[in-house]
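**Student:** All chains, full assembly: derive it from the sequences and hints.
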Amino acid sequence: MSRYRFLILYIALMMVQVVLNVFFDLSGVVTLSLLPVLVLLLPVSFGRVALMLIAFATGFVVDFFSTGLLGLSSVALVPVALLRRETASLVFGRELFIRGDEISYKRFGVMKTALAALLSNLVFFAVFVPFDNAGIDGFWRCLLRVVLSALASTVAAVFAVRLKER
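With positions in the sequence shown counted from 1, the corresponding number in this note's numbering is that position plus 598.
Hints are computed from structural coordinates only; laboratory data are not their basis. One or more hints might be untrue.
As the list claims (entries may be wrong) - Derived DEER-like restraints, expressed as beta-carbon distance ranges:
# : residue 1 : residue 2 : range
1 : Asp-623   : Ala-655   : 23 to 33 angstroms
2 : Ile-696   : Trp-738   : 22 to 32 angstroms
3 : Trp-738   : Asp-699   : 39 to 49 angstroms
4 : Arg-603   : Ala-648   : 18 to 28 angstroms
5 : Ser-643   : Trp-738   : 38 to 48 angstroms
6 : Asn-731   : Tyr-602   : 38 to 48 angstroms
Note that the Cβ used here is the ideal one computed from N, Cα and C, for glycine as well.
**Tutor:** Structure follows, in C-alpha cells:
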C-alpha cells in the first residue's frame with residue numbers, strides 16, 4: 599500500500615473514531631474504538647518511540663475533536679504502541695519484523711488478524727476504562743466493560759483492516 603493511501607486511510611479512520619465518540623455512544627458498558635488497530639497497522643519499520651509519539655498524537659487529536667477529555671485516549675493508546683511489536687510477534691511471528699512486511703489481512707487470515715486486534719484492544723481498554731471510570735464503578739463492572747468493549751472493537755477492527763487491503 600502506498601504511503602499516501604495509508605495516510606488518507608489513517609486520517610479517515612481517525613475521523614470515523616471521532617464520529618463514533620460523538621454520535622454513537624452505545625451504552626455505559628460498550629465503547630467502540632478503532633484506535634488500537636490504527637496503531638497495529640502502522641508500518642513495522644517504525645521504531646518504538648516513533649510509534650508511541652504517533653499514538654499519543656492520534657489519541658490527542660481524537661480527544662480534542664470528540665470527548666474533550668484531552669489525554670484519555672492518548673494514555674490508553676501509548677501502551678498499545680509500546681507492546682505492538684510483542685503483540686505482532688506473538689500472533690504473526692518474528693519474520694514479520696525480520697522481512698519488514700506489512701500486517702496483511704490476506705496474508706495472515708481473519709483469525710490471526712482478529713487475535714492481534716483483540717490483544718491490542720484488551721491492552722487499550724485495560725488502561726482506558728479505569729481512567730474513564732475514575733473509580734465510580736466497581737471492579738466487575740469495569741472488567742465487563744473492558745471485555746465487551748474489546749470484543750465489539752475487535753469486530754470493527756477486522757473491517758478496518760479489510761479496508762486497508764482494498
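**Student:** A separate judgement is required for each hint: does it hold in the structure or not?
**Tutor:** Structure-based check of each hint:
The hint said 23 to 33 angstroms for the Cβ distance between Asp-623 and Ala-655, and at roughly 24 angstroms that hint holds. Checked against the hint of 22 to 32 angstroms, the C-beta distance between Ile-696 and Trp-738 comes to roughly 42 angstroms, which is inconsistent with it. Here the CB-CB span from Trp-738 to Asp-699 is close to 40 angstroms, well matched to the stated 39 to 49 angstroms. Between Arg-603 and Ala-648 the CB atoms are about 20 angstroms apart, so this pair conforms to the stated range of 18 to 28 angstroms.
Against the hinted window of 38 to 48 angstroms, the Cβ-Cβ separation of Ser-643 and Trp-738 comes to about 41 angstroms, which satisfies the hint. Hint check: Asn-731 to Tyr-602, Cβ distance near 39 angstroms, so the stated range 38 to 48 angstroms holds.
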